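Participant: Heads up: the protein sequence lines correspond to chains U and X, in order.
Note that my numbering has the first sequence beginning at 1, numbered continuously upward.
Note that my numbering has the second sequence beginning at 1, numbered continuously upward.
Careful: at least some of the hints might be erroneous.
In the EDC-like style, the derived pairs of lysine to aspartate or glutamate whose C-alpha atoms are separated by at most 20 Å in a straight line are [unchecked claim]:
1) X:96 with U:192
2) X:96 with X:187
3) U:306 with X:187
4) X:172 with X:185
5) U:180 with U:191
6) X:96 with U:196
7) X:96 with U:190
Computed beta-carbon distance windows for the label pairs [what the hints assert, rightly or not]:
8) U:20 with X:272: 42 to 50 Å
9) U:235 with X:127: 18 to 26 Å
10) X:288 with U:199: 25 to 33 Å
11) X:150 with U:203: 50 to 58 Å
12) U:38 with X:64: 36 to 44 Å
13) X:128 with U:178: 34 to 42 Å
14) X:125 with U:295: 26 to 34 Å
15) U:199 with X:197: 48 to 56 Å
16) U:309 with X:128: 44 to 52 Å
17) U:309 with X:100: 18 to 26 Å
Rather than coming from a laboratory, the hints here were simulated on the basis of the structure.
Values in this document were obtained by computation on a predicted structure and should not be read as measured data.
Ideal Cβ placement from N, Cα and C applies to all residues, glycine included.
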Amino acid sequence: MVLIGLSRIRFAFLLGGLLVVALAVGPFTFLSLYGLNVIFFLLIFASLAQSYDIVGGLTGYINLGHITFFGIGLYAFGIFINMRIGPLFSFMLGVPVVALFAAALSIPFLRLRGFYFAVATLALVGLLDLAVGSNALAPITGGFAGIRIVAQNNQFASYYLALALTVVTTLSVYLIRTSKFGRGLLSIRDDEQIAEVWGVNTVLYKRLALIISAIFAGFAGEVYLWFLTIVAPSTVLGLDVTFRPVTIALLGGTGSVIGPLIGSLLFSVIDQGLITQVSYFSRGVIGIIFLLVGLAAPGGVVGFIKTQMVRRFAISRQRVSRVRNRP
Amino acid sequence: MAAAPPLAELVLNSLLLGGIYALTSLGFSIVFRVVGILNLAHGDLVMVSGLFAYLVFTSDLMPFTIRLLFVILLIPLFAAFGLAFERVLIRPLLRKPPNEALLSSVLVTLGFSLVLQDVWANSFGTLQKSITSESLGLPIITVAGLTVASSRLLALLFIVIASILLFVFVRKSYVGKAMRAISQDREAAMFLGVNLPNTSMITFGLGTSLAAVGGILLVIIQSVAPFSGLPLTVKALAVIVLGGTGSMIGPLIGGIALGSAETLSAFFIDPYWSPGIAVIILVAVLLLRPTGLVRR
């Protein structure tokens, strides 16, 4: 970075820009259809993990039910598009539905903190799974056979939507982090009571954070359904999928902009390599990742590298000072 | 039990299910009060204990009394496991700063729960496992016009005995007093010479042994399955939100309330929705009575 005379942030933007251009021309040049599929899922889960991190990483509220926003967005989009109002309007109408859901949810759930919040949000996934799979709602949600939309060969379009979504989500997280709002969220994470005493409107900030993260996740759900055209509730609201955004964010490093992106890259490598080999133990693999991250590196890969770099740096500085102080 | 009058049967079922929820949630809540973490693998430990009980009960090698003895031996076994679990996996987390400790403990207990689920599903299959009175060789008896499988009465007896033993332990023993002291005021208890790490470890062991009790009862009353552990943890949370963690009576009342709500809704509305009742109760309580639930 220093060699080519750029600051860290500019370097990151340059690298990110190049990556986006590569991914944008990918489908026409080097990506096979299989590759397109893999990258699509990677992008969807990157944006999910990135949006999870607005609540999980910046605000410090572990939202194990982040996937409910994804599911609501997905189902809202599916129901709208099945009403024959066109994809554009369906995409646009899905977003306020998710935002309203998140706003309503924030009233009871943000009264909880810590563990309680984590478990209560996890519980919500089960309830939503029951609801969309029930016979009462089957005429519009498709029951537990899944929701189905008319296939129109939208794979390329949804690939670009997923790419755009990942870029927008990442940029938004970056902008939030550097804004007053983001600092407020970070202060809530560090100590909510002190933040409140110092004049942070904690209730409003937490609610906004939840709604923003829900909107991105909901949009990811819309794109996901558009790509796949048929989605069963167990593949969206099942326990394996529920933990995926959290796993990815934590694997990469929660609370940093780049962490969820690195996490999704790592996770899709694990997913493609290991889980397709030992599909019967996919849940266990996620469990082992959780155990390792929890015990050894709560900052994920990014946190681990950072501490290592700091340690190296500190050692080298110590050496310098030792050399200087030599008589 | 087709001949039993519905009302009496509903009451008995509510009591049995509620008793299981109460004992399970008590284990969950004392660990939270004393150790300071929510053990998200609690429900899975219940399920695993139920699986072991099932394996012992259905083996034809020994007479019933010996099998029952072995099943009861599961309880100290799980307690020992809990002690080891706390020592190896939980204690290192408690030394971290609070924010990190919260995240780490969620990850570690959840990760353990996921591993347990997959190990079980791969070694014993994903089917539900349950025990009927016939398979135990126990008679079905008639009490005051009510036909009941005697295994259910045995379970009810077991619930009552376990509750009384737990109550006496927490009230009278030194460790129980230490637990209550810690849950009231951590710093003051440490000042007065309560050994915090040891008490935490024993509490965790007590929590897992209560999970074992819950599992043994659950396999007799209902069924156990590899992926039902996390939903049960959620129910335990709903119970302690409903009843409060402050006393031992709270989870007891909360558990019986949840058990009744589930039994009654399954009977009068639709069994399909009964897994969701716990979440609905949770949200309702949070909306109506939010104070006293937030605890730091």
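Participant: Evaluate each hint against the coordinates.
Facilitator: The hints, checked one at a time:
The straight-line distance between the Cα atoms of residue 96 of chain X and residue 192 of chain U is roughly 18 Å, inside the 20 Å bound, and the hint therefore holds. With a C-alpha separation of about 17 Å, the suggested pair residue 96 of chain X and residue 187 of chain X falls inside the 20 Å cut-off, and the hint holds. A C-alpha spacing of about 34 Å is found between residue 306 of chain U and residue 187 of chain X, which places the hinted pair above 20 Å, so the restraint is violated. Taking the CA atoms of residue 172 of chain X and residue 185 of chain X, the gap is about 19 Å. The hint holds against a cut of 20 Å.
The suggested pairing of residue 180 of chain U with residue 191 of chain U holds, with an alpha-carbon distance near 16 Å, which does not exceed 20 Å. This hinted pair does not check out: residue 96 of chain X and residue 196 of chain U have alpha carbons roughly 24 Å apart, beyond 20 Å. About 14 Å separates the Cα atoms of residue 96 of chain X and residue 190 of chain U, which keeps this hinted pair within 20 Å; it holds. In this structure, residue 20 of chain U and residue 272 of chain X meet the distance hint of 42 to 50 Å, their C-beta atoms being roughly 46 Å apart.
Between residue 235 of chain U and residue 127 of chain X the beta carbons are some 22 Å apart, a value that agrees with the proposed interval 18 to 26 Å. Distance hint check for residue 288 of chain X and residue 199 of chain U: the Cβ-Cβ separation is about 30 Å, which falls inside the suggested range of 25 to 33 Å. Checked against the hint of 50 to 58 Å, the C-beta distance between residue 150 of chain X and residue 203 of chain U comes to roughly 55 Å, which is consistent with it. A hinted range of 36 to 44 Å for the beta carbons of residue 38 of chain U and residue 64 of chain X is inconsistent with their spacing of about 56 Å.
A hinted range of 34 to 42 Å is violated for the C-beta pair residue 128 of chain X and residue 178 of chain U, which are about 52 Å apart. The hinted window of 26 to 34 Å between residue 125 of chain X and residue 295 of chain U holds, with their beta carbons roughly 30 Å apart. A hinted range of 48 to 56 Å is violated for the C-beta pair residue 199 of chain U and residue 197 of chain X, which are about 39 Å apart. The given range of 44 to 52 Å is respected by residue 309 of chain U and residue 128 of chain X, whose C-beta atoms sit roughly 51 Å from each other.
Separated by about 19 Å at the C-beta atoms, residue 309 of chain U and residue 100 of chain X satisfy the suggested range of 18 to 26 Å.
In summary, the numbered hints that this structure violates are 3, 6, 12, 13 and 15.
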